[in-house]
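Novice: Could you put the whole structure together from the sequences, leaning on the hints where they help?
Position 36 (the sequence shown) corresponds to 36 in my numbering; numbering is contiguous.
Everything labelled a hint here was simulated from the structure, so no lab data went into it.
Glycine included, every Cβ here is placed at the ideal spot set by N, Cα and C.
Heads up, none of these hints are tricks.
Quick list of in silico lysine-lysine cross-link-like pairs, DSS-like style, CA-CA up to 27 Å:
(1) LYS39 with LYS79
(2) LYS50 with LYS29
(3) LYS70 with LYS21
(4) LYS74 with LYS50
(5) LYS50 with LYS116
(6) LYS50 with LYS70
(7) LYS21 with LYS116
(8) LYS21 with LYS74
(9) LYS29 with LYS79
(10) LYS50 with LYS79
(11) LYS116 with LYS79
(12) LYS29 with LYS39
(13) LYS74 with LYS39
(14) LYS21 with LYS50
(15) LYS116 with LYS29
(16) LYS29 with LYS74
(17) LYS39 with LYS50
(18) LYS70 with LYS39
(19) LYS74 with LYS116
(20) LYS39 with LYS21
(21) LYS29 with LYS70
(22) LYS116 with LYS39
(23) LYS116 with LYS70
DEER-style ranges, computed between Cβ atoms:
(24) VAL112 with GLY9: 33 to 39 Å
(25) LYS39 with SER87: 19 to 25 Å
(26) ASN91 with VAL54: 18 to 24 Å
(27) GLY107 with VAL46: 29 to 35 Å
(28) ASN24 with ASN126: 28 to 34 Å
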Amino acid sequence: MKESATTKGESPSRLIDARIKELNDWRGKTLSHIRALIKQADPEVVEEWKWRGVPVWSHDGIICTGETYKSVVKLTFAKGASLADPSGLFNSSLEGNTRRAIDLREGDEIDVDAFKALILAAVTLNRS
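Specialist: Pasting the structure below:
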């Protein structure tokens with residue numbers, strides 16, 4: 001969704017809803033599922049809409065972003081390099097010193113418990 005006069009003043013949550021609906025394919029379903037998991041892991045999470053259309057989840061700082069591309073939903077954790085990832089969820093942006101990402105492709109499933117633990121670890125890191 002491109003930023004336009006209709007998106008200005010809209011709540012970030014409504015913009016994320018619109019993005020999910022607009023995608024109308026596996027990417028929208030994946031983004032919706034991930035969003036629900038983030039909210040389950042951290043009911044106090046704040047949804048934001050940044051950089052001309054990127055869903056962002058924050059709690060005392062950015063937890064992760066949810067970018068959608070043609071063949072991947074990319075969940076980039078702002079401080080991912082500092083997070084323990086014993087389940088090996090991070091599979092992208094592994095060379096950086098700060099961020100780490102999880103790329104989900106059509107048909108991929110995510111380890112729900114490991115993902116929620118990663119969300120909570122990111123919140124804990126933001127609070128420290």
